[in-house]
Amino acid sequence: MEFTRRRLTKLGLTAGAGVVLPVGALSRPVARLLEASRVASPEVERFEVSLPVPPSAEPIRTDETTDYYEITQREETVEILPGYETTIWGYDGLFPGPTIEARSGREVVIEQQNELSVPVAVHLHGGVTPPESDGYPTDLVFPPDLDHDELPGHHTAGTVDGVSHGSKEYTYPNEQRAATLWYHDHRMDFTGPQVYKGLAGFYIIRDETEDDLPLPSGEKEIPLLICDRTFREDGELYYPSLDPSLLGEHGVLPTASDGWYGDTILVNGAPWPKLDVSNTKYRFRMLNGSNARVYDLELNPAPPNGDAFIQIGSDGGLLETPLSHDRLRISPAERFDVVIDFSNYSIGTEVTLTNRRGSGRTADVMQFEVTREESEGSEIPSTIAPPLEFPDPDDAIETRRFNFLAGMEGGRSTINLQSFDSERIDANPKLDTVEIWEFDSDPDHPVHLHLVHFKVLSRNGGPPGPYDAGWKDTVFLHGDTAEIIARFGPYRGKYVFHCHNLEHEDMMMMANFEVV
Amino acid sequence: MSLDPQPKSERSLLGSLSGESVTRPQYLTAGLAFVVELLYLWVAAEALLFWPVHGAFFAALAIGQGLLAVGLLFDPGRWTFRLGVLFNAGLLVFWVIARVIGTIFPVWIIAVRTPVDSLEYIVMVLVLLLLLSLIWMRKNSN
Numbered sequence: 038m039e040f041t042r043r044r045l046t047k048l049g050l051t052a053g054a055g056v057v058l059p060v061g062a063l064s065r066p067v068a069r070l071l072e073a074s075r076v077a078s079p080e081v082e083r084f085e086v087s088l089p090v091p092p093s094a095e096p097i098r099t100d101e102t103t104d105y106y107e108i109t110q111r112e113e114t115v116e117i118l119p120g121y122e123t124t125i126w127g128y129d130g131l132f133p134g135p136t137i138e139a140r141s142g143r144e145v146v147i148e149q150q151n152e153l154s155v156p157v158a159v160h161l162h163g164g165v166t167p168p169e170s171d172g173y174p175t176d177l178v179f180p181p182d183l184d185h186d187e188l189p190g191h192h193t194a195g196t197v198d199g200v201s202h203g204s205k206e207y208t209y210p211n212e213q214r215a216a217t218l219w220y221h222d223h224r225m226d227f228t229g230p231q232v233y234k235g236l237a238g239f240y241i242i243r244d245e246t247e248d249d250l251p252l253p254s255g256e257k258e259i260p261l262l263i264c265d266r267t268f269r270e271d272g273e274l275y276y277p278s279l280d281p282s283l284l285g286e287h288g289v290l291p292t293a294s295d296g297w298y299g300d301t302i303l304v305n306g307a308p309w310p311k312l313d314v315s316n317t318k319y320r321f322r323m324l325n326g327s328n329a330r331v332y333d334l335e336l337n338p339a340p341p342n343g344d345a346f347i348q349i350g351s352d353g354g355l356l357e358t359p360l361s362h363d364r365l366r367i368s369p370a371e372r373f374d375v376v377i378d379f380s381n382y383s384i385g386t387e388v389t390l391t392n393r394r395g396s397g398r399t400a401d402v403m404q405f406e407v408t409r410e411e412s413e414g415s416e417i418p419s420t421i422a423p424p425l426e427f428p429d430p431d432d433a434i435e436t437r438r439f440n441f442l443a444g445m446e447g448g449r450s451t452i453n454l455q456s457f458d459s460e461r462i463d464a465n466p467k468l469d470t471v472e473i474w475e476f477d478s479d480p481d482h483p484v485h486l487h488l489v490h491f492k493v494l495s496r497n498g499g500p501p502g503p504y505d506a507g508w509k510d511t512v513f514l515h516g517d518t519a520e521i522i523a524r525f526g527p528y529r530g531k532y533v534f535h536c537h538n539l540e541h542e543d544m545m546m547m548a549n550f551e552v553v
Numbered sequence: 004m005s006l007d008p009q010p011k012s013e014r015s016l017l018g019s020l021s022g023e024s025v026t027r028p029q030y031l032t033a034g035l036a037f038v039v040e041l042l043y044l045w046v047a048a049e050a051l052l053f054w055p056v057h058g059a060f061f062a063a064l065a066i067g068q069g070l071l072a073v074g075l076l077f078d079p080g081r082w083t084f085r086l087g088v089l090f091n092a093g094l095l096v097f098w099v100i101a102r103v104i105g106t107i108f109p110v111w112i113i114a115v116r117t118p119v120d121s122l123e124y125i126v127m128v129l130v131l132l133l134l135l136s137l138i139w140m141r142k143n144s145n
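These protein sequences, in sequence, are chains A and B. So the first sequence is numbered by our numbering: it starts at 38 and just counts up by one. So the second sequence is numbered by our numbering: it starts at 4 and just counts up by one.
Hints listed in this document are in silico derivations from the structure and should not be mistaken for laboratory results. Predicted, not measured: the structure shown is a model, and the values here were computed from it. Each hint should be verified, as a subset may be incorrect.
[What the hints assert, rightly or not] Mimicking SDA-like on lysine to any residue, the simulated pairs with C-alpha atoms at most 20 Å apart in a straight line are:
#1 A/Lys47 <-> B/Gly105
#2 A/Lys47 <-> B/Arg27
#3 A/Lys257 <-> A/Ser315
[What the hints assert, rightly or not] Which residues of chain A face chain B? A few of them, derived with a C-beta cut under 8 Å, are:
#4 Gly55
#5 Val67
#6 Leu279
[To be verified] Cβ pair distances, simulated, as ranges:
#7 B/Trp82 <-> A/Arg44: 12 to 22 Å
#8 B/Ile138 <-> A/Gly49: 24 to 34 Å
#9 A/Glu286 <-> B/Leu131: 23 to 33 Å
#10 B/Gly105 <-> A/Asp271: 37 to 47 Å
#11 B/Ala59 <-> A/Asp271: 48 to 58 Å
#12 B/Gly105 <-> A/Gly203: 49 to 59 Å
#13 A/Pro189 <-> B/Lys142: 41 to 51 Å
#14 B/Ile138 <-> A/Thr124: 54 to 64 Å
#15 A/Gly498 <-> B/Leu89: 13 to 23 Å
#16 B/Arg27 <-> A/Asn440: 54 to 64 Å
#17 A/Asp271 <-> B/Arg81: 50 to 60 Å
#18 B/Leu89 <-> A/Thr114: 57 to 67 Å
#19 B/Val56 <-> A/Thr114: 32 to 42 Å
For each residue, glycine too, the CB sits at the ideal point set by N, CA and C.
Please build the complete structure, drawing on both the sequences and the hints.
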């Protein structure tokens with residue numbers, strides 16, 4: 038072939054238009070896509086770090102009816118992986134945030150101050166809360182120096198209580214049973230990354246029924262916030278946001294569109310921690326604070342006598358009677374209040390809490406070492422709580438059906454083939470009436486209703502599953518059909534229900550119900 | 004096919020590099036195709052992060068327009084015009100069908116996120132102009 042000037046010029050332009058330009062334009066997005074599939078946290082020895090317990094928040098003042106708190110949401114540098122510094126967003130700069138200890142019937146008022154660079158919204162998960170304090174996704178608390186107009190319009194549409202600047206006061210009446218609740222960020226379109234960065238904490242309600250029980254308490258009652266995170270090689274958190282500033286485009290890179298799964302398991306913010314225990318009973322308030330990961334927990338070795346987990350409470354509070362499990366499936370946002378009896382193990386035994394759904398690093402969660410003998414000071418009574426008085430299905434005045442469908446890569450996730458619209462009402466139950474809601478789905482969706490607690494009536498046409506006992510506010514659908522029943526109240530107003538796989542939630546798998 | 008050769012004084016840099024006579028319509032049409040390529044590359048870079056299949060699709064469209072632009076500058080033959088017309092006409096038809104389906108069944112068509120809201124309409128107008136230009140050039144070359 039003769040290389041004439043014509044031929045060379047044509048070849049050069051063809052190469053430019055066909056290769057150089059496209060490669061130049063696409064190299065950066067391709068690099069971001071590859072990073073998301075290749076990122077791996079620094080190696081950390083498992084079971085070396087002691088289990089931290091989140092501190093309790095102190096009220097700034099109290100009166101006859103109410104405890105008042107101030108919490109500042111701010112950025113902080115902490116050591117999560119030993120030897121590494123990690124930037125987190127925390128309530129009072131802590132991850133998990135400080136635990137709010139509340140009493141049933143006694144009001145709590147929390148002034149949430151926003152010192153972050155983005156808007157926030159705080160939701161008390163499991164709380165029976167008036168709509169203006171429920172943390173509706175567009176009831177944003179802006180940082181003092183961020184203008185409302187700097188966000189796309191839909192981020193602030195359809196509010197319940199309007200937007201605030203700098204701070205907002207949330208009022209929690211706590212007119213509900215003793216239960217393990219948690220509070221977390223709930224900002225429209227950005228719940229996933231903002232919870233991932235650390236905006237989550239426990240909120241425990243106690244009452245006289247629970248006080249009178251001889252359950253493990255004090256240092257033997259421990260909240261466990263289990264979650265998964267991935268870290269860059271410098272120790273900073275990695276989250277595959279489309280827009281890392283969290284001020285523009287929402288959503289995640291395609292590799293995470295079905296949920297972002299971290300490769301490092303944290304419990305109370307520590308990687309694979311260890312807890313020294315005595316050979317007695319311990320109460321663990323387990324919370325799955327992961328964005329998407331479902332855990333199938335098991336003790337290894339299994340206790341030679343008896344069951345691994347004695348469940349005494351669910352999302353909505355104590356069960357009537359204890360329920361034994363060899364394994365415990367816990368999906369995002371669910372809480373299981375369990376007792377583990379370490380008298381089943383000899384002194385010196387290392388008991389690993391494992392995750393049968395995980396592999397490699399994610400197959401382990403934490404470890405208990407039975408280090409000492411103590412006399413048993415607690416017991417699990419055969420009756421824990423008075424009858425739970427679930428609604429009677431015959432009293433239901435309406436049955437509604439909702440289908441949960443995850444979007445294809447890049448697509449929106451939907452409920453009844455509709456993506457979330459903050460100004461559209463998808464159900465309007467009447468105040469203080471009973472309704473049955475039927476859910477069906479593709480896998481996997483932990484479905485959460487704000488305001489109400491419900492009873493799981495059935496799964497796939499049969500009885501409720503082993504993890505459906507008691508009052509629930511989150512029900513896990515693994516391609517299942519589930520029927521729930523709830524009484525809607527005690528407040529009128531607009532609330533949301535949604536998938537608590539936070540990546541699905543941010544891609545619009547959410548809907549409104551308004552109690553009228 | 005050959006377009007009427009232009010006098011020496013009207014030869015361009017490209018013409019002197021390639022030894023070709025490149026007419027103004029060729030430049031304009033090739034320039035249109037090239038601009039469409041750049042716009043598709045811009046969309047592809049955004050779409051790739053959102054859904055790689057979409058991104059790859061727009062990248063392929065961009066490369067196609069770029070190769071068309073180059074082909075138009077170097078003594079375009081019958082097949083250059085035919086393929087160019089088919090390619091851009093097909094693109095327009097596909098876009099119209101996708102818009103109709105997206106309007107009737109909004110969740111069935113995944114909306115491509117573009118850097119600028121009205122960008123897709125701008126691009127399709129340019130594609131239409133490119134198509135018309137190709138048809139005009141083909142007619143005038145006969």
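Tested hints:
no. : hint                              : verdict
1   : A/Lys47 <-> B/Gly105              : 40 Å, violated
2   : A/Lys47 <-> B/Arg27               : 18 Å, holds
3   : A/Lys257 <-> A/Ser315             : 9 Å, holds
4   : Gly55                             : 5 Å, holds
5   : Val67                             : 7 Å, holds
6   : Leu279                            : 6 Å, holds
7   : B/Trp82 <-> A/Arg44: 12 to 22 Å   : 19 Å, holds
8   : B/Ile138 <-> A/Gly49: 24 to 34 Å  : 29 Å, holds
9   : A/Glu286 <-> B/Leu131: 23 to 33 Å : 29 Å, holds
10  : B/Gly105 <-> A/Asp271: 37 to 47 Å : 42 Å, holds
11  : B/Ala59 <-> A/Asp271: 48 to 58 Å  : 32 Å, violated
12  : B/Gly105 <-> A/Gly203: 49 to 59 Å : 41 Å, violated
13  : A/Pro189 <-> B/Lys142: 41 to 51 Å : 46 Å, holds
14  : B/Ile138 <-> A/Thr124: 54 to 64 Å : 58 Å, holds
15  : A/Gly498 <-> B/Leu89: 13 to 23 Å  : 54 Å, violated
16  : B/Arg27 <-> A/Asn440: 54 to 64 Å  : 58 Å, holds
17  : A/Asp271 <-> B/Arg81: 50 to 60 Å  : 59 Å, holds
18  : B/Leu89 <-> A/Thr114: 57 to 67 Å  : 59 Å, holds
19  : B/Val56 <-> A/Thr114: 32 to 42 Å  : 39 Å, holds
The structure fails hints 1, 11, 12 and 15 (numbered hints given earlier, in ascending order).
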